[in-house]
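Asks: As a plain string of letters, each chain reads:
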Amino acid sequence: MKISRFQEGVARLLCASALAGAAVATPTVTWGEDLGPVVAPEFNAAKAELGRRLFFDARLSGDAAISCASCHQPENGFTDGLPLSKAYPGSDGFRNTPTLINTSLKANWFHDGRLGTNLNDVTRESLTEDYSMNMDMRLMQERVKQDPVYVEMFEAAGMGEPSNGGIRKLIPEYLKTLISKNAPFDTGTMSDAATRGQELFTGKAGCIACHDGPRLTDDSRHNTGVPENPEIWSNPVRHMTYAAFASFMGVENYMNVRRDVGAYIWDHKADGSTIGTFITPTLRELTYTAPYMHNGMIGSLAEVVAFYNAGGGDDANKDALLQPLGLSDGEQADLVAFLEALSGDPLTSSDYVWEDAIPTNYPAIENWREQKN
Amino acid sequence: MKQINTFSLLASGAVVSMAIAGAVGLTAPALAGDMAYPALEALGQPPIPSDNQMTEAKIELGKMLFWDPRLGGDASTACVTCHEPDQGWAFSDSLSRGYPGTVHWRNSQSVINSAYLGQLFWAGSAKSLEKQAPSAAKGAVAGNGENDVMETRLAFIPEYRERFNDVFGTEWPRIGDAWAAIAAFERTLVVNDTPVDRYLNGETDALNEQQLAGMELFNGKAGCIQCHNGPQATDENYYNLGVPPAERWEEDGLAQITFRYEIYAKGVTQEMYRELKDDPGLYFRTKEADHLGKFRTPPLRYTAYTAPYMHNGTFWDLEEVVRFYNDGGGENDFTDGTFASTKTPKLQPLGLTDGEIGDLVAFLEAFSGDEVTVEAPALPPYAALPSQ
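Protein chains in written order, with our numbering: chain A, 1 to 373; chain B, 1 to 388.
For reference, chain A alone in the conformation it holds in the complex (with noise of 0.2 Å):
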């Protein structure tokens, strides 16, 4: 069924307030019938190849230090594992790496929300944002123009000379590639838990008011009232990437700030009453991506499932969609089991690993005098 943005909000406070006991009704939209398996979308074989070697090649950060794959690694789901990110040398993160896997079919990426234009925005910039990858593309264009490998493989996928604009078109072309595969819930093998945990999904557990459409997100941002994470506020060198990351987005009276403001930066309501918001993650490959949250503050799933049970955290501005839900530990447990389910086979493969060594120096251009740059 496709309704409106504004009917989907209607039905949400329906369905809120059902599940807050106020009044026993029948939603009036039954959820979850555009659930269902992620649509690959086209890409360039030449082109997305391309992409995986820049995805996976150390030379395009300022000091040749990380990749873009040094946080978004396959084996973790294109996820670091970590609780909080790693960051450019002399900056520690202040958020939880997210997953790239279906990441070409978002609206909009960060967990802030703060880019919703298109991965070539969002390549750009990570590959320049001091404490991501701290690259002049300049520099990086004529790193990867050194690099005889790549200049014949743009030549090969038709994108001419090496550029920094093509090196943004290209790892974005490798990001299609990346797309969820074999999840039970796709292949119709979920055990009865799962199956059950779907019931209480789309139903008394009310995930699916957020958590909808084959991503399993509304790509919109709430509160949920998940706790800071102290972390980010006693090691001086988070809490510094973080304080010139809210200077630069305009965050008010930043070095007094103790709080990550999330989505707050899209319009700095006065009223504060965005502060806190983050967008919706998607809940497919989180077998991967564990630890969980904006900023990594839960472990496991059955915490994440605890958390919602309890109606979400302590914060001024949650969400009125967060109510205590009132779910058995059998409950949670389907549930556990249906999130498990939206996870596929590994994308650890050849087909999205670059597995060949990446040199890290590059050789002369012989008769360098007689060449055109």
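These aren't lab readings, by the way, just hints derived from the structure by calculation.
It is possible that some hints are incorrect.
[To be verified] Below, simulated DSS-like cross-link-like pairs (lysine-lysine); rule was C-alpha separation at most 30 Å, straight line:
no. : chain 1 : residue 1 : chain 2 : residue 2
1   : B       : K127      : A       : K169
2   : A       : K204      : A       : K169
3   : A       : K372      : A       : K169
4   : B       : K287      : B       : K266
5   : B       : K127      : B       : K346
6   : A       : K372      : B       : K287
7   : A       : K372      : B       : K266
8   : B       : K266      : B       : K346
9   : B       : K287      : B       : K131
[What the hints assert, rightly or not] Calculated Cβ distances over 10 Å to all of chain B for the following chain A residues:
no. : residue
10  : P41
11  : T241
12  : D319
In this text, all values refer to a predicted model and were calculated from it rather than measured experimentally.
Backbone N, C-alpha and C fix where the C-beta goes; we use that ideal spot for every residue, glycine too.
Using the hints provided, position chain B relative to the given structure of chain A.
Replies: Frame of chain A; chain B shown alone:
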């Protein structure tokens, strides 16, 4: 947060003409021909800008910051990284060290006596030490830092919070004040008591016979005074001497990357991006063909410690430099008409004997004085901020 700086085309032409105008009219020893140049003079005290007065506390803070690698992108690269006290406050390789993963593209210049210069960097792109420091800390092949991160790092170092508050009165350290403090420290790195300075101050036995013979050549037959004149031994004007292109550009992949990066980042025509194989120097700032391959005359004090020489470190000792001038300079891509022919007519073969070359080198060595050594400061640690 990385921003691409828009290249400024301002002022360089005016500065050049002012420098020339300033040279005319001063009484000075006459050279062959009718031109007069400012005489070498003993070096006095450096000028102190009225908006950045020197205090002990500011100098001490600037010294710490000069050594602090947290004023760079990945917290590995400080001012001192390319301006090493035991390498003449420069870097003893043809091209400077560069940020990790890169090599720089020009020779690192000494910080000693930079306080006197109005044109900093080889093409004069900064007009004050306060402007030079951030430019070096931020360039992708130098410090690769960003203002917001560098400034915020300082805020998480309690000792810096105290010191910045003491010196500048701010609650939190400000990055512009960091550059001011570094500039103040650099203004203490002065060598103005070389044997040549003492001689020019009337201490007639400060130079030996050979050095005096070298000085006479410098002012006369060798014509060095044409550009290396006045108290600083530089006219701060721009010339193409025909210094050959850097050899490393032909041999070193990393250097080739940086060369292309610079011509891309600094902005040239598409045709020039494809064709250039030599450093256009002042042209980057003015985009005037007359300025291709021109670099600012460097000062000469302390040069005994700062090998190798020239904007790309082509010459490894002073004798090589003198022999280069004795040959009337050299050839590069901006002397042979490939792009332009901008070589200065001031350079002509000099006909110096080996003995005269030795005399000139002896004079230059007497222009260097004692080595400036400084004990590296201890750097204060980060600490968490109090919770709110």
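Asks: Hint by hint, note whether the structure agrees.
Replies: Hint check:
1. Under the criterion of a C-alpha separation no larger than 30 Å, the hint pairing K127 of chain B with K169 of chain A is inconsistent with the structure, at around 40 Å.
2. For a cut-off of 30 Å, the pair hint linking K204 of chain A to K169 of chain A is broken: about 43 Å separates their Cα positions.
3. At roughly 25 Å between alpha-carbon atoms, K372 of chain A and K169 of chain A fall within 30 Å of each other, so this suggested pair holds.
4. A C-alpha spacing of about 10 Å is found between K287 of chain B and K266 of chain B, which places the hinted pair at or below 30 Å, so the restraint holds.
5. Taken as a hint, the K127 of chain B and K346 of chain B pair is honoured in the structure, with Cα atoms around 26 Å apart against an allowance of 30 Å.
6. Our distance criterion of 30 Å between C-alpha atoms is met by K372 of chain A and K287 of chain B, whose separation comes to about 21 Å.
7. With a CA separation close to 18 Å, the supplied pair K372 of chain A and K266 of chain B stays within the 30 Å bound.
8. For the hint pairing K266 of chain B with K346 of chain B, the CA-to-CA distance comes to about 29 Å; that is within 30 Å, so the pair holds.
9. Simply put, K287 of chain B and K131 of chain B have alpha-carbon atoms about 21 Å apart, close enough for the 30 Å limit, and the pair holds.
10. Remark: the non-interface label on P41 of chain A is consistent with the geometry, its nearest Cβ contact in chain B lying 29 Å away (cut-off 10 Å).
11. For T241 of chain A, the non-interface assignment is contradicted: its Cβ lies about 8 Å from the closest Cβ of chain B, within the 10 Å cut-off.
12. Separation of D319 of chain A from chain B is adequate, the least Cβ-Cβ distance of about 25 Å exceeding the 10 Å criterion.
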